[in-house]
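Trainee: These are the residues of each chain, in order.
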Amino acid sequence: MAITQPQLRLELAGENAFILYLEPQQISPATAAAVQYYCSLLTPLLGQHLTELLPSYASVLVQFNPLTHSHLSLLPLLNQVLQAKAASAGQLAQQSSKIVELPVWYSAQSGADLLSVAKAKNLTPDEVIQLHSSQSYQVYAIGFAPGFAYLGELPAELAMPRLSSPRAKVPAGAVAIADRQTAVYPAASPGGWHLLGLCPIRMFNPQQQPAMPVAVGDQVRFIPVSEREFQLLGGAL
Amino acid sequence: MTQPNHSACLKIISPGTLSLLQDAGRFGMTALGLTQGGPLDVHSFAWANALVGNPLHSTVIEHSIGGLIVQATADCTVAVTGAVLPLLLNGKAVACWQAIRLKAGDELELGYMTQGLRAYLAVSGGFAVALQFGSSATVMREGVGGLHQDGSKLAAGDQIPLAGQAILPALTTPDPQVQQFSLPPLASAAALTKAEQKQSGASTVLSLRLLEGYQHHLFSAVERARFYLNPYQVSTNCDRMGYKLSGSAISCSSRALLSEGISLGAVQIPPDGQPIVLLNDRQTLGGYPKIGTVLSLDCWRLAQTPPGSLVQFSPLDSYQVHNALALYRAGFSPAAKAAHPQHAATQEPL
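Just so you know, the sequences run in chain order A and B. Note that UniProt numbering gives residue 159 to position 159 of the first sequence, counting from 1, and the numbers run on in steps of one. Note that UniProt numbering gives residue 121 to position 121 of the second sequence, counting from 1, and the numbers run on in steps of one.
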């Protein structure tokens, strides 16, 4: 993997926050690895200096307690931490090693758009399933709703624009694709992505610790299972 | 947590327009996609707790618009702060912004608000509500927090257990400046002529002080001038997630942005050019260009401002922001008042 060093840029993001941008702003495994790396440098500052770190595709929102810190007091510390250890290619490559396997029951019954995606892409449904489950995906960001993980990048052969009018209700566990991304819906919600199947693993469970099976930086691999296996794993249509 | 005495409750007779349990908010959980939640008007929230002797972050009822009726099943002390509203104890008018003693069976009614949109009801000793992800804050969209830990709003028949026995706190009523701090300009000021407004200092336009940040450099000087020189109207599209404004459309040179973390008060400019000020229940990530963030103190005021009202943005730099926050803490926050009791208006003891 060719890794180019991202340029760092700190910008104000509110009375109690900075946002750290990694330039150029792009979705790539190298940028994601750099986000993870700089997050790990800032993590030791949580508690005493920082209140929250929110990583995304090519940025980290860095929040602090405005009662004890200000932009002016924190800036030298942040610069020191970020610049003392500029990422080397070796350090970036070491990031994000955890692989999470998620079972998926792919079918026309469990994935309302499997057949239409196959038709639009001039593939058979089995080829769509094969393409979707044949690679691992990077967790780039978590947001939109609790437990909603943006995974990428989807093979270009499967890339589809979002539905022109979103569905009023996408079921919990729906495995879906849009553009070069894929995701598992953590709860029933409206949604404009194309549905390929169902995952029996809950992506967000407040009663469980940890509440999510994945975190930003992890790798996800989808494992095709039968309807029977889906049910045995706790899934329900 | 101390074992709550479940016979002592505040019972919801009618929830009115919208009643939600809120503590200071849910922090440190955005990596799971969980938003902050918490009180829209932190000033009134903290004062409600201060008036009944609670830690300032304790769980309260945030009530919007009006119509909340509660009944105490045990003796307790409460306080109501925030919007101006008729407050009735067993049908008799009582004052907001002070500790009120309730006897078992007493009913307290929060009538419809005449200035502001949010009121806060705190009870001495606090409510005994289980925390979810470290907070009791109710976020309906996420199904998280609240009395039943499912994000549901308070409903008639709900019984909120009281955490402690009622203690009568010896606190005074804060002065009118404190009571008015987070409220929007009075609608009655609109009836004044421009000259009268100028003379009395009354304004019908709420000032939203903004710290430029995020993608501010993608907005040209012309677009920024348009943004600061024109007032915007609060649209009906306003809730705990954010306030959509309508007025002069702003354009941004940016193409598609990657989704990134959103702070409280962030002003995003969607393709239609109409600004949206993002508040407590905002989505944690978003991809629209943002010109900056509104000062928290003004977010509290915006959340008290009804649709149709006018607001105007003004730019602050980082020094001015920290100055404004420090002045607030020194002069208006309940923590400062506790430290400097001579600032509080003298009142008869309770």
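It is worth saying that the hints were derived from the structure and are not from the lab. Accuracy of the hints is not assured; some may be wrong.
[Said to hold, decoys possible] Stretch-level coverage of chain A by chain B, calculated; a stretch enters the list once three of its residues show a Cβ under 8 Å from a Cβ in chain B:
no.	stretch
1	119-130
2	192-200
[Claimed, not checked] Listed below are the simulated DSS-like cross-link pairs for lysine-lysine, each with C-alpha atoms no more than 27 Å apart in a straight line:
no.	chain 1	residue 1	chain 2	residue 2
3	A	K169	B	K153
4	B	K103	B	K92
5	A	K98	A	K169
6	B	K103	B	K244
7	B	K103	B	K153
8	B	K103	A	K169
Since this is a predicted model, take the numbers as computed values, not measurements. In this text, a Cβ means the ideal position worked out from N, Cα and C, and glycines have one as well.
Trainee: Look at each hint and say if it fits the structure.
Mentor: Okay, the hints, checked on the actual structure:
1. Judged by the Cβ-Cβ criterion of 8 Å, the stretch 119-130 of chain A is not covered by chain B as claimed, because only 0 of its residues qualify and three are needed.
2. As drawn, the stretch 192-200 of chain A meets chain B at 0 residues by the rule of a beta-carbon pair under 8 Å; below three, the given contact is violated.
3. A distance of roughly 22 Å separates the Cα atoms of K169(A) and K153(B); the hinted pair therefore holds under the 27 Å criterion.
4. Among the hinted pairs, K103(B) with K92(B) is consistent with the structure: their alpha-carbon atoms are about 14 Å apart, no more than 27 Å.
5. Distance restraint check for K98(A) and K169(A): the Cα-Cα separation of roughly 32 Å exceeds the 27 Å cut-off, and the hinted pair is therefore not satisfied.
6. A threshold of 27 Å between alpha carbons decides the hint, and for K103(B) with K244(B) the separation of about 43 Å lies outside it, so the pair is violated.
7. For the suggested pair K103(B) and K153(B), the alpha carbons sit about 26 Å apart, so the restraint of at most 27 Å is met.
8. The straight-line distance between the Cα atoms of K103(B) and K169(A) is roughly 47 Å, outside the 27 Å bound, and the hint therefore fails.
Hints 1, 2, 5, 6, 8 from the earlier list are contradicted by this structure; the remaining hints agree with it.
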